[in-house]
Amino acid sequence: MTTRIGVVTFPGSLDDRDAQRAVRLAGGEPVALWHRDKNLHQVDAVVLPGGFSYGDYLRCGAIARFSPVMETVIEQARAGMPVLGICNGFQVLCESHLLPGALTRNDHLHFVCRDQKLRVDNADTAWTSDYSPGQEITVPLKNGEGGYVAAERTLDALEAEGRVVFRYLDGNPNGSRRDIAGITNEAGNVVGLMPHPEHAVETLTGPTTDGLGFFTSVLKKLVAA
Amino acid sequence: MTLDTVKHAGETPEAGLPWAELGLKEDEYARIREILGRRPTGAELAMYSVMWSEHCSYKSSKVHLKQFGEKAPASDALLVGIGENAGVVDVGQGYAVTFKVESHNHPSYIEPYQGAATGIGGIVRDILAMGARPVAVMDPLRFGAADHPDTRRVLPGAVAGIGGYGNCLGLPNIGGEVVFDPCYQGNPLVNALCVGVMKHEDIHLAKASGTGNKVILYGARTGGDGIGGVSVLASETFDSTGPAKRPAVQVGDPFQEKLLIECTLELFAEDLVTGIQDLGGAGLSCATSELASAGSGGMRVELDTVPLRDSSLSPEEILMSESQERMCAIVEPAKAARFLEICEKWDVIATVIGEVTEGDRLEIYWQGEQIVDVPPRSVAHEGPTYHRPYARPGWLDALQADDAGALPRPADSAELRDQVLRLVGSPNQAAKSWVTDQYDKYVIGNTVLAQPEDSGMIRIDEETNLGVALATDGNGRYAKLDPYAGAQLALAEAYRNVAATGARPLAVTDCLNFGSPEDPGVMWQFAEACRGLADACRTLGTPVTGGNVSLYNQTGETAIHPTPVVGVLGVIDDVTRRTPMAFREEGQLIHLLGDTREEFGGSAWSQVVHDHLGGLPPAVDLERERLLAEILIAASRDGMVDAAHDLSDGGLIQAVVESCLKGGTGARLIVPDGLTPFTFLFSESAGRAVVAVPRSEEVRFNDMCAARGMPVARIGVLDGDAIEVQGEFTLPLNELREIHERTLPALFG
Amino acid sequence: MARVVVDVMLKPEILDPQGQAVQRALPRLGYEGITDVRQGKRFELEVEGPVDEAALARIHELAETFLANTVIEDFRVRVEEVTAPVESTESVTAEGAR
Amino acid sequence: MARVVVDVMLKPEILDPQGQAVQRALPRLGYEGITDVRQGKRFELEVEGPVDEAALARIHELAETFLANTVIEDFRVRVEEVTAPVESTESVTAEGAR
Ligand SMILES: Nc1ncnc2c1ncn2[C@@H]1O[C@H](COP(=O)(O)OP(=O)(O)O)[C@@H](O)[C@H]1O
Ligand SMILES: [Mg+2]
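Residue numbers (our numbering), protein chains in the order written: chain E, 304 to 528; chain Y, 4 to 752; chain D, 287 to 384; chain B, 287 to 384.
No lab work stands behind these hints: they were computed from the structure. Predicted model only: the values in this text are computed from it and were never measured. All clues stand as given, with none of them false.
Straight-line distance between alpha carbons at most 30 Å, and here's what the computed DSSO-like set of lysine-lysine pairs gives:
id, chain 1, residue 1, chain 2, residue 2
1, D, K327, D, K297
2, Y, K348, E, K341
3, E, K420, Y, K435
Based on the sequences and whatever the hints tell you, model everything.
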């Protein structure tokens, strides 16, 4: 039986097909989920993809958080289902309070699209177990509001608990506090990051295939479970 | 407020209308009266005035554009030609591709962010209206001098607008141009290209047929955008208490457009659409009259059913509004319910505003009263045609006589080295990443090549790896020296760029940016450019499938350089064999294809070092371009080269610097016999490219060139971390990179 | 019909790159004496019916859960004195400093 | 030290996609009775020295040429009554509707 991984499409989601392709290339079965539908259709994990949900007009992810599908995603995430938020998906996770902190306007005020080197600081989450701790990977980054911020004590706690999963290397692209590119919740099942692993799954179209590990990690974990 | 109905117009034949304020000429107004057999109503006048404007009717340009059809080479690939929203090209395996470039120059000068953003929005809807899924955009841009204060206002705004809209739509930006020249001060050029993909059977056309079919307007509500001129009608003639001034600026909502795209593609997939048209310039006037004109019957529209953002709009203003993110579809009655359901799914407002009628009139009603009753063809397709006078400008002889070949050349190696650095750091030749890093090039996951590369390349089919490549080019300096040759050189460069990546050039789109057609000298430039482009397209076998004309790009008496921007689409059967431009592998051999001559007229060197424009542009040899393309494609197919980069502005040294920096490998260059180092490095002779050939392939590659009669010279080897021109100078890559990359950030922050 | 305004500003401890960009540009534009600039959002809500305590409480809740992200932003709700539609630039000038 | 506030709103006739997005979301969040939402910018300028006529005139000029894009936006300049620093969420709540 293949593992079913849901990819949510909000109005304005853009990288949803890419996330589905990444799931497929990793050997999973992608399942399209629709923002108006509370039913997760028996998926084993969920990806909240990149894009500009609802135009990102109020704040990135602020409107998507209140969509019907998120009610169930929030409930299931709290119950331990693996959830990955990429870029806009990370913003939705923060707005939903599944992850602490917030993402603010890039410090240089421009949208930036570039290949970004990252270090995997936590290789124990549901989405990173196929990496080794400290491994350096390069995946695309593209956002206008990717500056991670949180209260000092939240940042200290994230560090202390090993919940910083990815850090930017070779230059912080957006002013994120402590070079944070991605974090996880306490249980390690919910991960959010600004860079786009789903765009680094084929040598033809991405800078590397370093992003595949996210999807193989979760598939292994789910098969083992 | 009295409503100017058709009946009222019939009863008040002598009522004065502000036709002159709306830009109509006396004889044009007389013709409208003749067509209608009475005076037009205010609404009719509004429709005619905007549809007969230069922008919509091409009245000054169409006598010259005709050649693109008349001289078009026979091409099996052309499925839909000029005249529709965009041309459609067969790329094999049942796929068709549609692409088009359009200008949004004036709006981008007034409000750079929104002007450029809505330029992207408009061209994307054109592509969507053909039945295709838009898959990528490109943005050929021209600005005034890089250090001019107004450029600091216009460029960052336009770039942010293009990125803001395109990124939010989820369309990768795969290429474009950034050119600076004082001639564009006050008249920046913001052109936008979109390419879309569909299956052959999905092609849709803008035509209304089938009596009783519904006319459905869907997308954004209609507001007072872009109707400056027409408010004369509302305020001065019919309703002096109305709002005096309407915004000419259109504001884009890319989120709404994203919904419109997904919604429309779902409507196509369920076969719910009989005819479709996007709303762009001239809004509903254009959409209704063009749909009705192209169809078999007539059309009746109840204008008061149009959903409004601003309830104070007059019927004339509703007809003229250029509110963005709207489409108009013709739908069979039995399918209307499902159509509306899909729109609801995507939160897109959709309204039945009328239906296709038996007759042959376009009739528009407002609160039950008839305010428009016209033959739609007379509005949409039978506008005026001007044969404007044109004459070769008197100044051209002196300009051409001012030969750039006579300019002082570098006296020694040190000066040569210095000039190379000045060239690669000059705004036109410097790295464009400050601009292109603001564009998402990854979204959709099919981008095989994107900036900086010779052309953008998109995978169309994940199973077979079929793909397309696109490049746009245009050199206003060349065209100023000789518009006929300049247009051909623009085509030749784009064609060469496509071939350099291994794709076969198939078809052309163009955006012709010129000054005022009322100036006979400008009109001559325009006529020459059209003739040159049409002739070259015939020789190269690449038909023009569509495009756009932008006139009046001038301030006072001073026109911009004639700037024909040419986009070439190519097909590649297997994108995995693409040829990138990066020089990576040490030890590979650098070969120069083509002939290098003493050609410096309009060159980057003459501009950067001497601030000079004069002489003749490089000679055009289209047969050579075709041969070069064949070589580059064959080399890609047979795996004989690992990298290729075409030569254009800046000549050989510019190309080698770009390829070395991209790949992170240096080069040792040897000046071939018979050339001075200066000519070798800076000449801009056309029909050339550099390639990196693995040693194991050299014999085979040389044999192929010899067999086909292509001049080829081994000019060096990839090696180390500097570019060395033997006997002249050495430039470390990190010094070059610093100089190449710092220019735009230093100017625009 | 009444207008309720919600002002949303980044908390003082959160970096405000937009405000800073404005501030950095001021000397170049010839403005001295402005020591700090913060940029935030202003929402104008047109409310049907009376804006009583209950209505304001609802809007307060809306601001807290939706219009502002209280992790990084503070907000303020108030009933707008001016009830006319937003002024044109002309009338603003009149209302301005001159 | 005084605070001058510049409110910048899109002109009423200009499309406001941001405000519309908020408004469309309201019914889903259970808010009725808000008939229109416009979203604009709020700048808070901390000014050194007295905010006299001349200072205000300068800020007015700044708003007109730099803070607002008067092609599509209107603005308003005013001296802020509250001179305390931006309130924390807590104090805001106190000042709110309750
Ligand atoms: N405005 C732009 N948008 C996107 N890509 C651009 C833009 N300007 C330049 N580029 C890209 O930068 C690269 C170099 O540009 P250019 O030197 O003009 O190319 P070429 O000389 O090969 O036509 C190309 O890949 C081009 O597509
Ligand atoms: Mg090129």
